[in-house]
Each structure stands twice: as structure tokens, then as C-alpha cells.
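For the protein sequence lines, the chains are A and B, in the order given.
Under my numbering, the first residue of the first sequence is numbered 1, with each subsequent residue one higher.
Under my numbering, the first residue of the second sequence is numbered 1001, with each subsequent residue one higher.
If you're looking for bench data, these hints aren't it; they were derived computationally from the structure.
Do not take every clue at face value.
[Stated by the list, open to error] Residues from chain B shown here face chain A by an in silico Cβ test under 7 Å; the list is partial:
1) F1031
2) N1068
3) V1090
4) N1093
5) R1096
6) R1097
7) M1101
8) H1111
9) T1113
10) A1121
11) S1125
12) S1129
13) K1130
[Said to hold, decoys possible] Ranges between beta-carbon positions, derived for each pair:
14) A:Q23 - B:A1131: 51 to 57 Å
15) A:P121 - B:D1091: 24 to 30 Å
16) A:D66 - B:A1131: 46 to 52 Å
Don't be surprised by glycine CBs; every beta carbon is placed ideally from N, CA and C.
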Amino acid sequence: MSGLGFTFFNLEVMARYLPAILQGFVLTIYLAVLIVISGIALGLVLALIRVLQIKPINALIVIAVDMLRALPPLVLIILLYFALPAAGVRLSGFGSTWLSLALVLAAFAEEIFWAGILSVPRGQWEAARSTGLSFAEALRFVVLPQAARLTVAPLTNRAIAITKGTALGSVVAVPEILTQATTAQSFSGNPSPLTLGAAAYLILFIPMVVLGRSIERRFSWKR
Amino acid sequence: MQVTPAAQASSTGAAAQKRVLLDIRGLRKSFGGVEVLSGIDLAVRERELVFIIGPSGSGKSTLLRCCNRLEEPSGGTIVVDGENILDPRVDINAMRRRIGMVFQSFNLYPHLTALGNVALALRRSLGRSKADAGTAARAALARVGLAEKAAAYPAELSGGQQQRVAIARALALEPKIMLFDEPTSALDPELVGSVLRVMRDMREAGMTMVVVSHEMQFARAAADRILFIDKGRIVEEGPPQQIFERPREVRTREFVMQLTHREGIEP
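Chain B with its partners taken away, still in its complex shape (with noise of 0.2 Å):
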């Protein structure tokens, strides 16, 4: 297997051996002549957990969403599991159902049960049994705890538990890699631990996962490697030490100095 640059940076630990998952390279995006993504190169390994930060409209999200073509890249490759999803003759549903995505507004079907959510790609998408999917999806809100919670609509559930459903909805595909697109962002702030620890445990479980999002705490005590990204490119990347106590770069101190004192801790 090749080893790409950005996988070198990365080469620390435990890390360095693992397959790599999502190999993206020389990611080009741009929207009506605006480029958005100016030439990413990102190497996520199987186990690994990256955080993506940078300040709004660096384009990090867009990136997140080109990782399962939600968004159309406009050059570049994309590798994940070993398949170029950027290849048209790929079956893109297939590829998606390894890729689970959860996003900032949490976009749970209003008019499903949380069960319903859950189970709806397993039947439709995986073509399993009314009772199959059932199963798995119990099990899948039992993970994020919220098993109780199964016959309730998105209407009659709390910020964080639908957060926590739309979690499970992509965890019951049983996806190779999970990407997180500022999962917190909108919750009251005392909703915001119920989602983390769920991404703590699936990462303790093995979960690979790419996660944008402000919470430098989390981003501190969880990530196996962080990504500064401004407009478009990757400023610097390294383990979260290295970004927090002593960046190379002069904007990734300045960020990072940002958004800590105003979470209020020390710089």
C-alpha cells in the first residue's frame, strides 16, 4: 500500500499500521468559479479519529461532504475501503451505506418514528426483513442509548437524543467509517455531553471517524489527529498536543487561541 504524505504526518503510534480507510487526494472543489477546497490531501486510518477545525467557510464541511458525494468534487480522487467513489460505474448507494454521515441539523424524518429512522435504509436500502430491521435498529438505539425511546416521533425527543437517533441511523448500516459534520453546533450546550459520549464510545469500539466540529475540549481529549484547515487548504495537521500547545503556524495559533477563550479555558 502506498503511503501518502499526509499519512506520513500521521505516522505516530499505533496509527502507522493500520489500512488506510479514506484516502483523498488533491480534492478540488469549486462553486460557480469560487473555490471552496483548493487541493486536500487527507489519509484516514482504519481506528483513527481526525478532527477537522477551521473557521467558517475554510470549507471544512464541504470537504466532509464530498467524502460520499454529497457534494460533486471538482477534481481529484477519493478512495474509501479501496473503492474510488469518484469513478462513475461505482454503485454510490452501495458506497454510502459504508460511509455514515450525521449532520449539524440532525435531519431525522418528522414523520417516522425514531425506529422508523433507524430501520428505513436497513429495509429499503439493504432490502432486509420488516422484522430484521427492526432488530438491528433496536439494537442500534440501544448503542446510543435511547432504547426506550423507539416508538417516540423526532417531534417528542430532545436536541441531543435526536442527535443521538440520527447516530444511530447511520451506525445500524454497520458503516466502515463515520463522518460527523458539527454534530453539536445546534444544541443547548448542557445537550452537548450526551452526543459526545456516544462518539467517545463508538470510537472506544473501533469506530473510524471524521468529525468537524468546535469542541476543542473533545477535539483535545479524543482525537488521534487534528486538521487546521483556511480557505481551502490544509494549514496544519498533527495530534492534538501539537495543534493545542505548540502549532507550527501563525493562523492555527491564532484560531485555536480564538475559540479556547471562548470556551474559557486557558490558551
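Next comes chain A alone, as it looks inside the complex (with noise of 0.2 Å):
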């Protein structure tokens, strides 16, 4: 027991490495925080465009969609870190996370969005135009209220399960939480800021799951 707590629990090495795990934890938070944000409202843009039936762009974005939802986010964050720069683009290892996460969000959240909109009955859209709402009048008051009821729940699942990949981000230097616990461990040679930053994710995160939850009982209420 006391050899597991001095390998794990070593309070000695957690408080001298304390203050870089919440700087880890700041960035995480930054990061995730700007993925959730841009990889939504991306999705949104991707699913409205698809809402006016162009066919080739439509093509187009189930493509890119497809593509995105089989890579595995690691692969994406190693090939725009580590290809770009041949093609001339030069991306921070923080960009490089941002972007392949934030897009990997934003296909799942297009898929989404697109269920929650070919949800909503026909009769709804009919209803709207007969009383000489326009085809944006009409999905903006009628259908997208409704398509968002269904799309809060997976999308929060979605959300939290992608922005736990920022942890991906160590590969390529990301100073996030995983980066300074690992780096905290080959310093003292001691795994405690492991458990250090394992206790950084669960305060960040199951905040987000209960918020999941509480969003998801909420909706599913009153129809």
C-alpha cells in the first residue's frame, strides 16, 4: 500500500508539479471550448447548406462528412501537424488540434443537425409556407426549434466525447493537461501527476456529463 501511494499518490511531487497541470488544465479548457464552439456552429453552417438541396455541394459535404467521422482524430492531428507544412501551410501543434477536432465535431454535428431537420414532418414546413412564411422564415420559427429538441442530447454526447480528444494534442506538444503530466513524470521520475492530471479530466468533464444530462431530461419533456 505505501509503495502504491508513494508511486501514485507521492504528495511531495503533486504539489511541486501542481502548478503545471493547471496550466495544462487552463489550455485544455481553452482548447476544448473552442472546438465545441467552432465544430458546432461549422456543423450548423454544413447541415443549412444541405437543407437547399444542391446537389454537387450536397455530394460534396457528405464526402468530406464521411471522410471525417472514419478517420481516427489522431491520424487527422498528425497529418495537418506533420503534411501541411510540405504544402506550404505551417500549423501550431495547438492549431493543428484545434482544426482536426473542431472539423471531426462539425461532420458528426452536421450528421446530427441533418437527422434533427428530416425529423420534423413534412406537415410542419407545409403549415409554415401556406401562411407566406419564406423557406428561411420557415426553417428559423418552425423547423429548426423543433430539429434542436432532438439534436441537444447526441450533440452534447458527441461534443464531450471529442473534446477529451484534446488529450490527442500531446503528440504533437500541445502544452494541455496529458502533455504536463507526462512531462511532470519523466521529470521526477514519478507517476503522480498521472493521477494528478486523471483528477484535471474528471473535474473538467463530469461537470460536462451532468450538463449532458440535465440538457437531455429537459428536452425531452413537454412536446
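Dock the two chains into a complex; use the hints.
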């Protein structure tokens, strides 16, 4: 027991590296917020473009979305980080992690929004249009509010799953929680910073999971 | 004003002097090579209540849905209140505000209250202020006897109440003409009466109405004219007495017999 305590719960080591883990914590939050906002916004825009039913554009969206959903996010991060410079574009580790995860979230969000929009019965469009609302007004005031209700739960789950992928940024030296923890581990020769890192992830994501569940419950009520 | 053959056929009573509000000529509609409407001519005059009956698949709903271009006609002309709604330059959204429509499945917006359902188009389509739209929406709900249900969501209302809210939603825009697409077909029998009462009130208030429905008793009591449609054509049209008591066409007689038998009324 004392061996386990010394190895994983070494308070002296933990205290020494707490500031570094905290820095990683703040950076991870920053990165996660960026990913969620840009990913969901892009996904919504793609779904709205798809509603316009322009065949070649829709085909492009479907191909791009399928590729992004098929690729492991880590592969995408490494590709953007190591391959793009050959094409003359240099992204930082932070930039390539943000862009990769935002694109993956956008792909899933587009599918979720699209499914939500499709699930609104045709009669809702017809009723709205029959009262003189334009296509855009019918979409905004009648269809999207109903679609949103159905998208909140899957969107929250997907956003959590993908923002957890910020840990993949450690591969391209983004100083987020996992990077700070493994660095501290190699400097101290003790894995206690990893315990601290795990705690930091829990503190960050448990509220999101709880929030997701309460949103889900709230939106599944009155209909 | 030109008098169409359809209008001449109906030139009984006071309706003959009134202006034609809906003028349909040579209307055709095909769905992927299958012709659903094969040349329909129909003139509906101000304050007239025209009933459309016919077997399922005869094209009666499609005819109605062409009148506000929920379906795009394949040929012919449709003039509503003096404007050809098939003209590509026409502002179809502005025209639709003058053409109220009530659907079989109500199609109320489930995320909005009864008041919100009625007020939405007033605000977004007519651009009225929130207070102004609210007042007009309350007045429309009062007309269908649901003033006290303004804050209720559709899920909290009976089918009959939902359909009346849907009628109020169309009425609030003060349309020139109202189209009813089987307004009582999705209702439990005991709720049908409340909707028909509202429709009768509207007729008495002078609304021009085109109704697709199987409510034969209502047709007999309230319609000025009944059209019997089969296979995309008007088979026979005339006042209710003609259609119900001495139809000229065999097909009309057979159809009316079937329907009235089903209702338990003597043919």
C-alpha cells in the first residue's frame, strides 16, 4: 500500500507539479471551448447548406463528412501537423489539434443537425409556408426549434467525446493536461502527476456529463 | 369580367353577381408521368362555399394544394383575387397570406403555444409588433371559441381544439379565401361537430371557402355547390340537392350512395 501511495499518490511530487497541471487544465478548457463552438457552428452551417438541396454541393458535404467521421482524430492531427507544412501551410500543435477536432465534431454535428431537420414532418413546412412564411423563415422559426430539441442530447454526447480528444494534442506537444502530466512524470521519475492529470480531466468533464444529462431531460419533456 | 363555363353552371341565386375570387382553368398536375389532374376548370365566387367530393386518389387534395402552390401545377392557370399565382414574378408568400389553408393533420407547431401558433405568421410574415400580433391572435382564437386556451401547447389540446387553433392561425391573416383539406378526417367522431360549427360560423361571416371533405351532412346543409371529382376530372357539379337527390351521372350516384350508406342516412 505504501508502495502504491509513493508511486501514484506522492503528495510531494504532486505539489511540485500542480502549477504545471493547472496550466494544462486552463489550456485544455480553452482548447475544448474553441473546438465545441467552432465545430458545432460549422456543423450547423453545413446542415443548413445541405437543406438547400443543391446536388453537387450536397455530394461534397456528404463525402467530406464521411471521411472525417471515418478517420481516427489522431491520424488527422498528425496529418495536419506533419503533412501540411509540405504544402506550405504551417500549423502549430495547438492549431492542428483545434482544427482536426473541430472538423471531426463539425462532421458529426452536421449529421446530427441534418437528422434533426429531416425528422420534422413535412406538414410543419407546409403549414408554415401556407401562412406566407418564406423558406428561410419556416426553417428558422418552425423547423429548427423542433430539430434542436432532438439534437441536444446526441450533440452534447458527441461534443464531450470529441473534446476529450484534446489529450491527443500531447502527440504534437500541445501543453494540455496530459502533456504536462507526462512531462512532469519524466522529470520527477514518479507517475503521481498522471494521477493529478486524471483528476483534472474528471473535474473538467464530469460537470459536462451531468450538464448533458440535465439538458437531455429538460428537452425530452413537454411536447 | 369573363364568365367561365364553371361559373355559369353555378349561376344560381345571389352568387352569380359576386366577383370570382378563385379562377382555375385547364389545371393539370402529373406526378412522375402519372396524371392526377387532367384539366380542371373551376370558378369560386366571393362568399361561396364549394365542396369537393370524390374517391381517394381522385385528385381532390392535389387540386386544393395547387391553389396555394404547395404543389406546383404542370399546366393551366390559377387566378386568386385577380392575380395569376403561377406567374413566376408573383410574390407567392404575399399571395399565400391571402389564401388560408387548413390541413387534415392540423400541423400545429408543437414547440409554440396556441397563441404562438397563431401569432407567428402575423409577426414574421406580416411584420407586426409582438403586442399587435398578440392582440390579433387572441381575437382569432376567440373567433374559434378558444380564447381561454391561448397559453396551452398543442399536446395539451384535443384534436378538435387543435384543428380550431389551426383554423385561427389561417384566419388571423385575414385571408380572402380558405381551403380546407379534409379538416375533420383525423378527428374522433365526437369532436367533428365543434370544427364544423366554426366552419359554419365562418361561412355566415361571409368567408369564401373550398372544402375537401366526406362530411356529407355538412355538405348538404352548408354547401352552395358540390363538385364530384374522379380520376382527375370534374364528373359533375351542382347544388347539393342535385348531387344528393338527382345526380345526372351514374358515377356520382354510386359514390353518393356509398357515402350516405356509410353514414347511415337513407340515400
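So, going through the hints one by one against the coordinates:
1. F1031: For F1031 (chain B), the interface hint is violated, since the closest Cβ of chain A sits about 15 Å away, which is over 7 Å.
2. N1068: 6 Å, holds
3. V1090: Check failed: Cβ of V1090 (chain B) comes no nearer than 13 Å to chain A, outside 7 Å.
4. N1093: 5 Å, holds
5. R1096: 4 Å, holds
6. R1097: Holds, because the Cβ-Cβ distance from R1097 (chain B) to chain A comes to roughly 4 Å (cut-off 7 Å).
7. M1101: 4 Å, holds
8. H1111: 5 Å, holds
9. T1113: 11 Å, violated
10. A1121: 4 Å, holds
11. S1125: This hint holds: S1125 (chain B) lies near chain A, its Cβ roughly 4 Å from the closest one there, short of 7 Å.
12. S1129: 16 Å, violated
13. K1130: 13 Å, violated
14. A:Q23 - B:A1131: 51 to 57 Å: 53 Å, holds
15. A:P121 - B:D1091: 24 to 30 Å: Because 26 Å falls inside the window, the suggested range holds.
16. A:D66 - B:A1131: 46 to 52 Å: Between D66 (chain A) and A1131 (chain B), where Cβ atoms are some 49 Å apart, the hint holds.
The structure fails hints 1, 3, 9, 12, 13 (numbered hints given earlier, in ascending order).
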